[in-house]
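Asks: Residue-level listing of the chains:
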Amino acid sequence: MSALVIDNLHVVFGAFRALDALSLAVDSGEVRAVIGPNGAGKTTLLDAITGITRPRSGRILLGDTYDLTACSEAEIARAGVRRKFQKPSVFPALTVRENLAIGCGPECPARTRPARLASTLSETGLEARADTLAGALAHGEKQWLEIGMVLASEPRLILLDEPVAGLSDAETASTADLIGALRRPDRAILVIEHDMAFVEAVADRVTVLHEGRTLFEGSMTGARADARVIEVFLGR
Amino acid sequence: MSGALDRPHRAPLRRIGPTLGRDPLLTGLIALIAATALGLLALQPAPYLINMVGQLAAFAILAVSLDLVWGYLGILSLGHGLFFAIGGYVCAMHLLAHGYALTGVAPDLMQFMGWKSLPAYWTGLTSAPYALALALALAAGVAFLFGLASFRSRVNGVYFSIISQALVYVAMLLMFRNDTGLGGNNGMTGFALLFGWPMGAPGVVTGLAVTTLGVLAGVLVGARALVASPVGRRMLACRDDEARLRTLGYGTTRLKLGIWCLSAMIAALAGVLYVPQVGIINPRILSPDLSIEIAVWVAIGGMGRLGGAVIGAVAVNALKFWLSAAMPEAWPFILSGLVLVVVLGLPNGLLDLAALRWTPTWLRRGGPLA
Chain A
3 MSALVIDNLH
13 VVFGAFRALD
23 ALSLAVDSGE
33 VRAVIGPNGA
43 GKTTLLDAIT
53 GITRPRSGRI
63 LLGDTYDLTA
73 CSEAEIARAG
83 VRRKFQKPSV
93 FPALTVRENL
103 AIGCGPECPA
113 RTRPARLAST
123 LSETGLEARA
133 DTLAGALAHG
143 EKQWLEIGMV
153 LASEPRLILL
163 DEPVAGLSDA
173 ETASTADLIG
183 ALRRPDRAIL
193 VIEHDMAFVE
203 AVADRVTVLH
213 EGRTLFEGSM
223 TGARADARVI
233 EVFLGR
Chain B
54 MSGALDRPHR
64 APLRRIGPTL
74 GRDPLLTGLI
84 ALIAATALGL
94 LALQPAPYLI
104 NMVGQLAAFA
114 ILAVSLDLVW
124 GYLGILSLGH
134 GLFFAIGGYV
144 CAMHLLAHGY
154 ALTGVAPDLM
164 QFMGWKSLPA
174 YWTGLTSAPY
184 ALALALALAA
194 GVAFLFGLAS
204 FRSRVNGVYF
214 SIISQALVYV
224 AMLLMFRNDT
234 GLGGNNGMTG
244 FALLFGWPMG
254 APGVVTGLAV
264 TTLGVLAGVL
274 VGARALVASP
284 VGRRMLACRD
294 DEARLRTLGY
304 GTTRLKLGIW
314 CLSAMIAALA
324 GVLYVPQVGI
334 INPRILSPDL
344 SIEIAVWVAI
354 GGMGRLGGAV
364 IGAVAVNALK
374 FWLSAAMPEA
384 WPFILSGLVL
394 VVVLGLPNGL
404 LDLAALRWTP
414 TWLRRGGPLA
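First to last, the sequence lines map onto chains A and B. Its first residue numbered 3, the first sequence is counted upward by one per residue in the numbering used here. Its first residue numbered 54, the second sequence is counted upward by one per residue in the numbering used here.
None of these hints come from the bench; they were simulated from the model. Beta carbons are placed, not taken as given, at the ideal position from N, Cα and C, and that holds for glycine. Be aware that one or more of the hints could be misleading.
Claimed, not checked - Just a few of them, taken from the derived set where beta-carbon distance is under 8 Å, the chain A residues facing chain B:
{"no.": "1", "residue": "Ser-91"}
{"no.": "2", "residue": "Gly-105"}
{"no.": "3", "residue": "Leu-169"}
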C-alpha cells in the first residue's frame with residue numbers, strides 16, 4: 003500500500019518549471035530519501051505536499067485515496083502529514099512543553115495529551131529542558147524539539163527537510179538512530195538531505211531529482227552506480 | 054516608527070512564557086487601579102482631576118486592545134481609532150437621543166440638519182443597553198469584514214498596517230461629510246444627561262471615572278486569562294511563525310479573526326467610556342495621527358505585557374495633558390523624542406527601566422543596526 007502518491011505533478015514559478023511531470027510513490031513503512039543538486043526541486047516538492055505551494059496540475063494523494071491537492075496547510079496537517087523544516091522552526095516565546103503541546107495538533111484529545119507529551123519529551127531527550135523557552139535552546143536542541151513537535155501528533159507521513167544540516171557527527175548519528183526508531187508499518191518517512199552517508203544509513207530507497215524530474219529511483223548503491231546520477235550530481 | 058514596526062520579532066524571549074500565569078506587574082497595576090478608584094471615591098479631588106483620570110483609563114483600555122493584537126498576535130493595526138470612534142459615536146448618539154427624550158430640547162445636530170425628529174436609524178438609541186450592544190456589534194462587524202478580507206488573502210505585516218490606516222482615514226473623510234447625518238465636522242456635543250442625571254454633576258463625573266477604572270481592571274484580568282490560556286500560546290506561536298503553526302494543523306485565519314474582533318470590541322468599549330467624559334466627538338477622533346499614537350503608547354510602555362500598554366497610555370497621555378497646556382508647540386517634538394529613545398534604547402519600552410535591565414542596544418550589540 004502506498005502512503006504517498008505524487009501523480010504527474012507540475013509546479014511552475016513564472017517561466018521556471020520547479021517540478022516537471024513528477025511522479026513518485028512512497029510505501030507505508032518506507033524511509034525514502036530525495037536527493038539531488040541545488041535547484042532540483044526537493045524543497046518545492048515538500049512545499050507542494052504540505053500545501054504551501056500550489057501545483058499547476060497533477061495530484062497528491064495520501065494513502066492511495068485521500069486527495070491533498072486542494073487542501074489548506076492546516077487540513078493537510080490534520081490528515082496526518084507533518085514536516086520538519088530546514089531551518090529549525092520552533093516557537094521561541096513558548097516553553098519546550100508548550101511547543102510540544104501545540105505539536106500534538108488541534109484534534110488531540112485533552113485526555114491523551116499529557117501522556118503523549120511525556121513520551122515525546124523522553125523520546126527526544128528534552129525532559130530536563132521541558133520548561134525552558136524554546137528560543138533559549140542550543141541549535142541541536144531546537145532540531146530535536148522540532149522533531150518532537152512533528153512526532154507529537156503521531157503522523158502517517160513525516161517529511162524531513164535536511165534534518166542533519168549543521169549538526170555535529172555525533173548528533174547526526176543520533177538523528178539517524180532516531181529516524182530508525184520512528185519507522186512503523188503504518189508510517190512513511192520522506193527525507194531530503196545532502197549528507198550522503200546519512201542517506202545511506204537511513205533510507206530504504208532514494209529518489210534522485212534533477213531539474214524537477216525523477217532521474218533515478220532505487221537503492222543508494224544503485225544510485226552511486228548510475229551513469230546519469232554521477233553525471234549531474236555525484237560527480238565523477 | 055519603522056523600528057517599532059519590526060519589534061514583534063525582536064527578542065520577545067524573556068517577557069512571555071513562564072510569567073504568563075503569574076505576572077506581578079499586572080497584579081500590581083490592578084491593585085493600583087483599585088486604589089485609584091477608592092481614592093477618587095474617598096478623597097473627592099477636583100472634578101477636572103477625576104475627569105482626567107477617567108480619560109486616561111479609557112486610553113489605557115484602548116492601548117490594551119491594541120496590545121492584544123500587536124503584542125500577542127503580531128498584527129499591528131494603525132487604524133484602531135476606527136473602533137474607538139465607533140464606540141464613541143454610538144455613545145454620543147445615545148446621549149443625544151436620551152437627553153432629547155427626557156428634556157424635549159432638540160440637540161444642535163437636529164437644528165443644524167433641519168430635522169423635525171431624529172431619523173429612523175436612531176430608533177432605540179434612547180436605551181443605554183441597546184446602544185452599548187450596538188456599539189460592540191458594529192465594531193465587531195466592521196472588524197470581521199475587514200479582518201476576513203485581509204486574513205483570508207493573507208495580508209500581513211506592514212501591508213495590513215497600511216490598509217488599516219487607510220481604513221481609518223476613509224472613515225474620517227466619510228464622517229466629515231454633513232450628509233452622513235452624524236454631525237459632520239462639528240461632530241456631536243452638548244450632552245445633557247447620563248442615565249437621567251445632569252452630565253456635569255460631581256457624582257456623574259466620579260461615577261464615570263470609577264466605572265472606566267473598573268472596566269480597565271476587568272479588561273486586564275480577562276486579557277490576562279486569555280493570553281495565559283492555550284489560545285494565548287497559539288497567539289504567540291502565530292505571531293512568531295504563522296506558516297509553521299498552519300503546518301501543525303491550526304487554521305490561523307479563525308484565530309486571528311477572533312482575537313481581532315475581540316480587540317475591536319474592547320476598543321469600542323473604550324470609546325463608549327471616553328466620549329461622555331470628554332463631552333464631544335468629531336471626526337478628528339478618526340485622524341490617522343491618533344491611531345498611530347495608540348501604537349506609540351504601546352511601544353513606549355512595552356508591548357506584549359498588557360501592563361506595558363497601560364503604563365504607556367497613561368504616561369504619554371498624562372504628559373500630553375500637562376504639556377499641551379504648558380507648551381503645546383513642543384508636544385510633537387517630545388513625543389517623537391520619546392519614540393526615538395524607546396526604539397533605540399528600550400526595546401521593551403519603559404518596562405526595561407522598571408526591571409533595571411537598561412543597557413542601550415548600541416552598547417550591547419555593537420551598534421543600533423547590528
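Asks: Minimum Cβ distance from Leu-169(A) to chain B below 8 Å?
Replies: 20 Å, violated
Asks: Return the status of the interface hint for Ser-91(A): holds when the least beta-carbon distance to chain B is below 8 Å, violated otherwise.
Replies: 4 Å, holds
Asks: Is the interface hint for Gly-105(A) satisfied, with its Cβ closer than 8 Å to some Cβ of chain B?
Replies: Holds: closest Cβ of chain B sits about 6 Å from Gly-105(A), inside 8 Å.
The structure fails to meet hint 3 from the earlier list, while all remaining hints are met.
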